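Protein chains: 2
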Amino acid sequence: MSAELRLPHGFHAYVANIGIKDHTDDFVVVASQRPCAAAGVFTLSSFAGPSVLVSRDHLANLSARAIVVISKNANVATGAAGLADAHEVVAGVATALGLTPDEVLIASTGVIGRQYPMDRVRAGLDAMPSVLPGTDAGAVARGIMTTDTVAKTASATVGTATIVGVAKGVGMIEPDMATLITLFFTDAAVDPGQLDAIFRRVIDQTFNCVSVDTDTSTSDTAVILANGTAGQVDLVDFESALHDVALSLTKQVARDGEGAEKLIEVTVDAAADSAQAKRVAKAIVNSPLVKTAVHGADPNWGRVAMAIGKSTRADEVDQTKVVIRFGEQEVYPVQLDDAGLAALAIYMRGDTIRIHVSLSPGQTVPAGQTGQTEAAGQAVATVWGCDLTDGYVRINADYTT
Amino acid sequence: MSAELRLPHGFHAYVANIGIKDHTDDFVVVASQRPCAAAGVFTLSSFAGPSVLVSRDHLANLSARAIVVISKNANVATGAAGLADAHEVVAGVATALGLTPDEVLIASTGVIGRQYPMDRVRAGLDAMPSVLPGTDAGAVARGIMTTDTVAKTASATVGTATIVGVAKGVGMIEPDMATLITLFFTDAAVDPGQLDAIFRRVIDQTFNCVSVDTDTSTSDTAVILANGTAGQVDLVDFESALHDVALSLTKQVARDGEGAEKLIEVTVDAAADSAQAKRVAKAIVNSPLVKTAVHGADPNWGRVAMAIGKSTRADEVDQTKVVIRFGEQEVYPVQLDDAGLAALAIYMRGDTIRIHVSLSPGQTVPAGQTGQTEAAGQAVATVWGCDLTDGYVRINADYTT
Numbered sequence: 001m002s003a004e005l006r007l008p009h010g011f012h013a014y015v016a017n018i019g020i021k022d023h024t025d026d027f028v029v030v031a032s033q034r035p036c037a038a039a040g041v042f043t044l045s046s047f048a049g050p051s052v053l054v055s056r057d058h059l060a061n062l063s064a065r066a067i068v069v070i071s072k073n074a075n076v077a078t079g080a081a082g083l084a085d086a087h088e089v090v091a092g093v094a095t096a097l098g099l100t101p102d103e104v105l106i107a108s109t110g111v112i113g114r115q116y117p118m119d120r121v122r123a124g125l126d127a128m129p130s131v132l133p134g135t136d137a138g139a140v141a142r143g144i145m146t147t148d149t150v151a152k153t154a155s156a157t158v159g160t161a162t163i164v165g166v167a168k169g170v171g172m173i174e175p176d177m178a179t180l181i182t183l184f185f186t187d188a189a190v191d192p193g194q195l196d197a198i199f200r201r202v203i204d205q206t207f208n209c210v211s212v213d214t215d216t217s218t219s220d221t222a223v224i225l226a227n228g229t230a231g232q233v234d235l236v237d238f239e240s241a242l243h244d245v246a247l248s249l250t251k252q253v254a255r256d257g258e259g260a261e262k263l264i265e266v267t268v269d270a271a272a273d274s275a276q277a278k279r280v281a282k283a284i285v286n287s288p289l290v291k292t293a294v295h296g297a298d299p300n301w302g303r304v305a306m307a308i309g310k311s312t313r314a315d316e317v318d319q320t321k322v323v324i325r326f327g328e329q330e331v332y333p334v335q336l337d338d339a340g341l342a343a344l345a346i347y348m349r350g351d352t353i354r355i356h357v358s359l360s361p362g363q364t365v366p367a368g369q370t371g372q373t374e375a376a377g378q379a380v381a382t383v384w385g386c387d388l389t390d391g392y393v394r395i396n397a398d399y400t401t
Numbered sequence: 001m002s003a004e005l006r007l008p009h010g011f012h013a014y015v016a017n018i019g020i021k022d023h024t025d026d027f028v029v030v031a032s033q034r035p036c037a038a039a040g041v042f043t044l045s046s047f048a049g050p051s052v053l054v055s056r057d058h059l060a061n062l063s064a065r066a067i068v069v070i071s072k073n074a075n076v077a078t079g080a081a082g083l084a085d086a087h088e089v090v091a092g093v094a095t096a097l098g099l100t101p102d103e104v105l106i107a108s109t110g111v112i113g114r115q116y117p118m119d120r121v122r123a124g125l126d127a128m129p130s131v132l133p134g135t136d137a138g139a140v141a142r143g144i145m146t147t148d149t150v151a152k153t154a155s156a157t158v159g160t161a162t163i164v165g166v167a168k169g170v171g172m173i174e175p176d177m178a179t180l181i182t183l184f185f186t187d188a189a190v191d192p193g194q195l196d197a198i199f200r201r202v203i204d205q206t207f208n209c210v211s212v213d214t215d216t217s218t219s220d221t222a223v224i225l226a227n228g229t230a231g232q233v234d235l236v237d238f239e240s241a242l243h244d245v246a247l248s249l250t251k252q253v254a255r256d257g258e259g260a261e262k263l264i265e266v267t268v269d270a271a272a273d274s275a276q277a278k279r280v281a282k283a284i285v286n287s288p289l290v291k292t293a294v295h296g297a298d299p300n301w302g303r304v305a306m307a308i309g310k311s312t313r314a315d316e317v318d319q320t321k322v323v324i325r326f327g328e329q330e331v332y333p334v335q336l337d338d339a340g341l342a343a344l345a346i347y348m349r350g351d352t353i354r355i356h357v358s359l360s361p362g363q364t365v366p367a368g369q370t371g372q373t374e375a376a377g378q379a380v381a382t383v384w385g386c387d388l389t390d391g392y393v394r395i396n397a398d399y400t401t
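Chains as they are written, first to last, in our numbering: chain D, 1 to 401; chain A, 1 to 401.
Hints are computed from structural coordinates only; laboratory data are not their basis. Remember, predicted model here, so these are calculated numbers, not experimental data. Accuracy of the hints is not assured; some may be wrong.
To be verified - Facing chain A, a subset of chain D residues (Cβ under 8 Å, in silico): (1) S45; (2) G302; (3) M306; (4) Q329; (5) P333; (6) Y347; (7) R349; (8) D390; (9) N396; (10) A397.
To be verified - Over 10 Å on every C-beta distance to chain A, these chain D residues come out as not near it, computed from the model: (11) H23; (12) G113; (13) G350.
Where a beta carbon is used, it is the ideal one built from N, C-alpha and C, also for glycine.
Using the sequences and the hints given, assemble the complete structure.
In structure tokens form, the structure reads like this:
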């Protein structure tokens with residue numbers, strides 16, 4: 001996505017470095033000129049941080065006007081002092097913008113278990129302008145990054161309105177309700193209740209289907225603000241456009257997983273129900289042995305059979321009826337000869353690996369279908385992940401020190 | 001363990017190379033001179049291989065006399081031909097030893113999705129002696145290895161009887177009912193029904209508490225043969241001795257995890273029930289971010305908070321009451337200063353890292369306690385795992401090719 005991408009009409013941003021950890025941007029505020037319908041989806045972690053607790057509370061009325069993001073420090077496992085700090089940041093932003101604190105949301109991301117450097121945070125709040133100067137969505141995306149290697153933005157239009165999304169997240173990524181931080185802004189006018197329902201459906205089929213490393217963050221936050229500047233839009237078209245934006249960000253997150261070099265897309269179809277389909281797909285995309293085989297371009301498809309096996313009971317899946325494909329090539333139950341293994345090895349060298357498992361015969365869906373359906377015996381789920389590399393180990397063996 | 005370790009009285013072994021993959025030993029038979037009480041615990045995978053299916057069937061009467069192990073090929077996902085091959089191997093061994101096929105068990109381990117090279121297997125069966133020549137338990141342990149770097153044996157005495165155990169397994173290790181392959185031999189006389197019950201309890205507290213990489217094998221097999229040569233023993237002492245042997249092998253498996261350089265032992269106590277204790281402990285020991293922090297000796301204890309959070313709901317665990325310790329050092333809720341972090345960093349450089357989490361205050365158990373108890377509010381579980389290293393990635397990116 002280009003650095004030219006602008007926030008929708010009526011949204012403005014302030015992006016700065018306030019010295020949380022180093023000299024890169026770590027303080028981002030996005031605010032709307034008008035009140036917004038708003039919805040949020042947050043981590044289910046029992047160690048959810050103060051930012052999640054405060055934002056969930058402020059979103060109870062499905063309304064908000066601004067969000068502040070502090071990156072490079074998650075403010076998690078910081079006790080009562082950490083909660084007080086989060087409230088102080090929100091109050092400071094509200095004062096600067098002439099809003100009430102409950103109109104301001106907050107998200108944080110970075111190391112766990114360290115207090116904010118509040119002297120620097122207070123200086124940053126004092127330096128914040130009352131009129132936000134920017135509209136560059138790329139700057140917002142860059143300001144919320146931690147170990148991300150690329151800024152993640154996506155956009156779509158629906159009628160006369162625009163949807164702009166940003167996301168960050170490369171590790172501790174198996175969202176339970178959302179990814180680390182993803183923010184959506186639109187100038188469409190959408191009823192708050194409908195916005196909330198649409199947003200939850202879209203997140204469930206996109207960000208809740210990505211996993212980098214099975215580790216669910218304490219800070220997962222997905223928020224959408226709709227300020228209505230562009231007027232009403234068709235809701236079916238709106239949901240479709242929002243899905244496209246969220247899906248694009250989901251794939252960007254998967255491909256930029258810590259140390260990742262390849263995108264893995266796993267589709268499981270002909271499943272008993274969507275829960276089974278998603279469980280098996282997640283087991284495949286999360287298997288360290290599948291992830292390392294993809295990394296090494298090793299045609300070791302048996303590891304996919306292993307992952308199906310470990311995620312299902314013998315009375316639930318009949319292994320003689322399962323079909324496993326890599327790209328368009330069937331690898332099981334057909335017994336590959338040397339030429340077949342050689343063809344598979346060539347496919348494995350690509351930078352996007354698609355694994356397609358049909359749990360029962362004669363009930364496959366068209367290639368390329370994604371998302372979830374519910375019909376018994378033909379449920380489908382698609383999930384995204386990345387390979388496991390030496391780089392992941394090095395990044396995470398050395399993160400705080 | 002030394003290469004001098006002998007099988008218990010009345011057991012003999014044959015260990016050979018029959019050319020499954022390379023020139024290392026890949027064909028092991030252990031047989032008893034007398035009929036044995038026998039018990040087995042097997043993978044719950046829906047892709048369980050023919051060896052598991054055949055052995056489970058042959059153990060239905062809690063009796064057996066011999067076991068054959070083929071390593072370097074798992075004979076999994078090989079269809080009807082693979083099942084016929086397993087029956088042919090068992091029949092061949094039975095013929096050589098003058099037994100009936102249902103007195104012979106089989107286990108296999110290695111690459112998934114490839115047929116046995118049956119021409120070489122048949123030649124190996126033809127070359128097998130009718131009287132087994134060996135009693136070296138170390139040779140048995142070496143003969144069943146795949147990518148293991150050390151042979152794993154353990155033994156204990158109970159009364160006049162001996163228990164000898166061997167195990168193999170370094171990857172695809174998160175046993176659902178057993179580890180990849182672990183075999184126990186004893187000359188104690190134990191009633192088959194009691195042996196079965198004791199064996200299941202011991203495996204549940206040892207091998208079912210180890211995880212190298214969360215990937216459950218299609219070939220997990222744990223078997224015990226008791227031939228009664230040494231006469232009856234006290235059953236409480238027997239269970240304790242068997243637990244010691246199994247625990248030793250469990251830790252050997254964890255420490256020899258693929259690429260592993262450190263052993264991680266996680267104890268969770270003051271839990272609502274043993275299921276919760278084990279779930280949280282497994283989430284910690286399996287977290288790639290915890291595993292890489294241990295590898296890098298990074299005092300990033302916040303990742304343990306993350307793992308507790310992702311494995312419990314907010315209404316299930318109160319984060320303000322949790323206590324996290326590394327070794328003897330409390331790291332949460334106390335807020336570590338720089339000296340505390342430095343002390344933690346020194347501890348992290350050791351080759352055994354103990355993480356101790358108390359989910360509720362005032363209900364901790366004595367240090368060093370392992371196993372599971374059931375009392376509400378004071379349940380405890382201990383699990384074992386290893387660090388995640390560049391070596392794991394390299395081994396598994398290149399395994400079949």
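Each hint tested on the structure:
1. S45: holds, 3 Å
2. G302: holds, 3 Å
3. M306: Cβ of D/M306 sits 5 Å from chain A, so the hint holds.
4. Q329: violated, 14 Å
5. P333: Interface hint status for D/P333: holds (6 Å vs cutoff 8 Å).
6. Y347: This hint is violated: D/Y347 lies away from chain A, its Cβ roughly 14 Å from the closest one there, beyond 8 Å.
7. R349: Where the cut-off is 8 Å and the nearest Cβ of chain A is about 12 Å from D/R349, the hint is violated.
8. D390: holds, 4 Å
9. N396: Result: holds, 4 Å to nearest chain A Cβ.
10. A397: holds, 3 Å
11. H23: About 22 Å separates D/H23 from the closest Cβ of chain A, which puts it past 10 Å; holds.
12. G113: violated, 4 Å
13. G350: holds, 15 Å
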